[in-house]
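**Student:** Make the full structure from the sequences, and use the hints.
Number of protein chains: 2
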Amino acid sequence: MEQRVDTIHQREQLLQQVTAILRRHKHDEELADRDHRAPRERVEDLLHKRDLERLQRELERLHPADVAYVLEALPLDERLIVWDLVKADRDGEILLEVSDAVRETLIASMDEQELVAATEQLDTDEIADLAPDLPREVIQDVFKSLSVEEREQLRAAMSYPEDSVGALMDFDMVEVREDVTLEVVLRYLRRLDEMPDHTDQIFVVDREDRLKGLLPVNRILVSLPEKLVSEVMVREFVEFNANEKADEAAAAFERYDLVSAPVVEDDRRLVGRMTVNAVVDYIRESQDIEILSAGGLREDEDLFASVWKSVKNRWTWLAVNLVTAFIASRVIGAFEQSIAQLVALAALMPIIAGIGGNSGNQTITMIVRALALGQITRDSARKLFVKELGVSMLNGVIWGSVVGLFAFLIYHNWQLGLVMTAAMLLNLLLAAVMGVSIPLLMDKLGRDPALGSSVLITAITDSGGFFIFLGLATLFLVR
Amino acid sequence: MEQRVDTIHQREQLLQQVTAILRRHKHDEELADRDHRAPRERVEDLLHKRDLERLQRELERLHPADVAYVLEALPLDERLIVWDLVKADRDGEILLEVSDAVRETLIASMDEQELVAATEQLDTDEIADLAPDLPREVIQDVFKSLSVEEREQLRAAMSYPEDSVGALMDFDMVEVREDVTLEVVLRYLRRLDEMPDHTDQIFVVDREDRLKGLLPVNRILVSLPEKLVSEVMVREFVEFNANEKADEAAAAFERYDLVSAPVVEDDRRLVGRMTVNAVVDYIRESQDIEILSAGGLREDEDLFASVWKSVKNRWTWLAVNLVTAFIASRVIGAFEQSIAQLVALAALMPIIAGIGGNSGNQTITMIVRALALGQITRDSARKLFVKELGVSMLNGVIWGSVVGLFAFLIYHNWQLGLVMTAAMLLNLLLAAVMGVSIPLLMDKLGRDPALGSSVLITAITDSGGFFIFLGLATLFLVR
Numbered sequence: 036m037e038q039r040v041d042t043i044h045q046r047e048q049l050l051q052q053v054t055a056i057l058r059r060h061k062h063d064e065e066l067a068d069r070d071h072r073a074p075r076e077r078v079e080d081l082l083h084k085r086d087l088e089r090l091q092r093e094l095e096r097l098h099p100a101d102v103a104y105v106l107e108a109l110p111l112d113e114r115l116i117v118w119d120l121v122k123a124d125r126d127g128e129i130l131l132e133v134s135d136a137v138r139e140t141l142i143a144s145m146d147e148q149e150l151v152a153a154t155e156q157l158d159t160d161e162i163a164d165l166a167p168d169l170p171r172e173v174i175q176d177v178f179k180s181l182s183v184e185e186r187e188q189l190r191a192a193m194s195y196p197e198d199s200v201g202a203l204m205d206f207d208m209v210e211v212r213e214d215v216t217l218e219v220v221l222r223y224l225r226r227l228d229e230m231p232d233h234t235d236q237i238f239v240v241d242r243e244d245r246l247k248g249l250l251p252v253n254r255i256l257v258s259l260p261e262k263l264v265s266e267v268m269v270r271e272f273v274e275f276n277a278n279e280k281a282d283e284a285a286a287a288f289e290r291y292d293l294v295s296a297p298v299v300e301d302d303r304r305l306v307g308r309m310t311v312n313a314v315v316d317y318i319r320e321s322q323d324i325e326i327l328s329a330g331g332l333r334e335d336e337d338l339f340a341s342v343w344k345s346v347k348n349r350w351t352w353l354a355v356n357l358v359t360a361f362i363a364s365r366v367i368g369a370f371e372q373s374i375a376q377l378v379a380l381a382a383l384m385p386i387i388a389g390i391g392g393n394s395g396n397q398t399i400t401m402i403v404r405a406l407a408l409g410q411i412t413r414d415s416a417r418k419l420f421v422k423e424l425g426v427s428m429l430n431g432v433i434w435g436s437v438v439g440l441f442a443f444l445i446y447h448n449w450q451l452g453l454v455m456t457a458a459m460l461l462n463l464l465l466a467a468v469m470g471v472s473i474p475l476l477m478d479k480l481g482r483d484p485a486l487g488s489s490v491l492i493t494a495i496t497d498s499g500g501f502f503i504f505l506g507l508a509t510l511f512l513v514r
Numbered sequence: 036m037e038q039r040v041d042t043i044h045q046r047e048q049l050l051q052q053v054t055a056i057l058r059r060h061k062h063d064e065e066l067a068d069r070d071h072r073a074p075r076e077r078v079e080d081l082l083h084k085r086d087l088e089r090l091q092r093e094l095e096r097l098h099p100a101d102v103a104y105v106l107e108a109l110p111l112d113e114r115l116i117v118w119d120l121v122k123a124d125r126d127g128e129i130l131l132e133v134s135d136a137v138r139e140t141l142i143a144s145m146d147e148q149e150l151v152a153a154t155e156q157l158d159t160d161e162i163a164d165l166a167p168d169l170p171r172e173v174i175q176d177v178f179k180s181l182s183v184e185e186r187e188q189l190r191a192a193m194s195y196p197e198d199s200v201g202a203l204m205d206f207d208m209v210e211v212r213e214d215v216t217l218e219v220v221l222r223y224l225r226r227l228d229e230m231p232d233h234t235d236q237i238f239v240v241d242r243e244d245r246l247k248g249l250l251p252v253n254r255i256l257v258s259l260p261e262k263l264v265s266e267v268m269v270r271e272f273v274e275f276n277a278n279e280k281a282d283e284a285a286a287a288f289e290r291y292d293l294v295s296a297p298v299v300e301d302d303r304r305l306v307g308r309m310t311v312n313a314v315v316d317y318i319r320e321s322q323d324i325e326i327l328s329a330g331g332l333r334e335d336e337d338l339f340a341s342v343w344k345s346v347k348n349r350w351t352w353l354a355v356n357l358v359t360a361f362i363a364s365r366v367i368g369a370f371e372q373s374i375a376q377l378v379a380l381a382a383l384m385p386i387i388a389g390i391g392g393n394s395g396n397q398t399i400t401m402i403v404r405a406l407a408l409g410q411i412t413r414d415s416a417r418k419l420f421v422k423e424l425g426v427s428m429l430n431g432v433i434w435g436s437v438v439g440l441f442a443f444l445i446y447h448n449w450q451l452g453l454v455m456t457a458a459m460l461l462n463l464l465l466a467a468v469m470g471v472s473i474p475l476l477m478d479k480l481g482r483d484p485a486l487g488s489s490v491l492i493t494a495i496t497d498s499g500g501f502f503i504f505l506g507l508a509t510l511f512l513v514r
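Chains A and B are the protein sequences, given in the same order. Using this note's numbering, the letters of the first sequence map in sequence onto residues 36 to 514. Using this note's numbering, the letters of the second sequence map in sequence onto residues 36 to 514.
None of these hints come from the bench; they were simulated from the model. Treat each hint with caution, since some may be false.
Copies of the same chain look alike in the list, so a pair counts if it works inside one copy or between any two.
With a straight-line cut-off of 30 Å between C-alpha atoms, the simulated DSS-like cross-links for lysine-lysine are [what the hints assert, rightly or not]:
| # | residue 1 | residue 2 |
| --- | --- | --- |
| 1 | K122 | K418 |
| 2 | K418 | K344 |
| 3 | K347 | K418 |
| 4 | K122 | K262 |
| 5 | K344 | K479 |
**Tutor:** Spelled out as structure tokens, the structure:
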């Protein structure tokens, strides 16, 4: 039985143990390096072989997902020491569990032969998941080692686009015909010895592999053995087309509380199945991508990536923001004369721009979410516009008065206070209009409104806020 | 069989159908209102009763989750018309599926009796989920209608904190003793007629309800009926304590690909089970909360909430940001004399502050994520500091040169360009130090680093950026 490390606390303890062993190991190595009395390797043998052996035994008892966790949390040099200690026949499973960035570092440390060996314990759908990261020659070697049926599966799994049901499905389905009794099914199952994980139902197909129904395992248990499959099977059920989008299938799993579901081709031939664990992984991954991109990271970054790699991962976002900052800067530049006359404008303008951006982001968060859930119709879009304008109007009056008062109290200039209030109100209205329009427009153009909306609204409320505030001030305050 | 609406496209079509019927209904009503020849209700009867009846039939065929979707996507008045059409015996299930904000509007439209009736079809763990939103008298009535065992369950379910395993568990577990044969188990199961959803295993307990092992349904199927439960059962498995944190249990479900798991009390008595569908819902909800709070919404907002409710939901974030904006404004205010002398400073300063904020948020996103995964040890924290400082140094040199060049090209003042470059570099270093320290510090203080870190870093890089840039300018450019 494997050791499980369920809680974060247990995992941190594990990590500390591993790190301590590696530290001691490194320390000993340094000692050995410093004193040259014996060849380094002999000393190493004597000093810490025992420690590493203990670590290896520890690792063997861990679930692949937990080994993956340890690998991800270790700096590169220590990561590779641990990776070398992991038994070769578990390499494949662990490569599946680590993040893309860490997988890259592990694969880079392996030679062709090791990589081919790593895939040997994997199912074809799992090989397909790894394939994009493997060198071309390795894939060719792997391909040769597969049976005809497996090659067909691998080809199929790799042919579907990344975000489709086909890319998430596996091939571990149990199939039966509808004209046999449950008795026969049971005998067949007993011959299997063990059923694939997440088998809550087996699939009833005809000679052409066309899906006729589902036979829930629980129904087999509670029905009499002499009944026919066709009497017991479920005839209406959720099925997915392999070309369907993965996120829609995930939403269906969530709404209908599924554990597994059949995946068919356009001709209703059963080609695979989708399981809830693939869905959970998928949901987590999309969530990760969303959080990373909201934070301005292009992709998952190895915690201990080199400085250069990190800079590359982050530069797009910074560059885009730099361009919008330059534009905002030029907007301010156009009003330099006004600022020279009334320098308080310079101190006050970031308030207008900042709060506008915050308010716009609130609106966008709402709309993007509603779009993702398919909750917005043409008609409700109009209602949302009205509502968001109302919210902005009210916020504009409230917060506009606050900032107006702030300006008045500091600069003792009531006209300046009024301009602040008016600018705040107008910029919040701008934020509301844009906050609703940008995601709706992006959606209409077929782009993902979650990506880039936030940068765009901030750019608009920044430049727009500066323009409104400095423009009003130039009209009414400066002469 | 229920109608399933799996894809977003199908759901949008459904929504459009419903809206069209409601629109016609409303239009007819307005006509009837305008011409007063007949009492309004009679006209209503004649005009659109048929339409609404069709809608009611449509709704009956929908899965509760899909009815919930329709309700969430409709404005309040139309939502309540649809809600009235839904059969009373489905109210409970649907209330469970809608978002908190929408649930509130639905419950507000129901009287005490309807609410008590709505809970009648629900399991005790589901009643516990609804309870916080129900009026006190309703809960008392519901309580009276339950059996002693159910009362005990309800009390138990309600006694666990919101984010604990106990709050997510259900009580639909099948229990057997270890000293019977599989034959006996099978006969017992057949008597149940149907097994609870997500029963991939049944629980083996002793006389005191202490958990002895798990009997996977698949093992029952593939084993010989004359075997004893104790021979077939699994003795080592993942179990959760009811007081454990829900997110750790969810992570375990994800890593070990579980479908269900036993929940025990401190004395190892089996008190419930956790299923993967509860985990999926939980993951989605936490994801939602994270997205909402990152966008500055305090909680889930009904898409068609009143302006006043929306303002209340959003004001905290705006207020906090206003305070940080005021502080930044005063930092600028301290340098008004320098700005008056060199007004270009006003146009350039938002660039320094903005890019600093962006870079800081990138760092924070990485660190918060690593903390959530438990990947950071004291030792690796130091490594991360060094790495982030390196990234900032490199970014500072690259982007600092770009903005320096930009300043030089526009203002033909090379000293100004140098100050820009230096300020950018320093502000990015500040962002790196704070981006690592803030989440680590919040974590150490036992607070959730995901909440508020982003506001804090932006506040620091704004005020800090203004201070660094204007300070350097005052030292070297202005006299």
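**Student:** Decide, hint by hint, whether the structure agrees.
**Tutor:** Checked hints:
1. Taking the shortest Cα distances, K122 and K418 sit within 30 Å of each other only across copies (28 Å), while inside one copy they are farther apart (61 Å).
2. With identical chains, the CA atoms of K418 and K344 are at most 30 Å apart between copies only, with a shortest distance of 15 Å across copies and 46 Å within one.
3. Taking the shortest alpha-carbon separations for K347 and K418, only the inter-copy value of 19 Å comes in at or below 30 Å, while the best intra-copy value is 43 Å.
4. Proximity of K122 to K262 under the C-alpha cut-off of 30 Å is found in neither arrangement, the shortest distances being 47 Å within a copy and 35 Å between copies.
5. Only between protomers do K344 and K479 lie at most 30 Å apart by alpha-carbon distance; the minimum there is 29 Å, versus 35 Å within a single protomer.
Violated hints amount to a single one, hint 4; each of the other numbered hints is respected by the structure.
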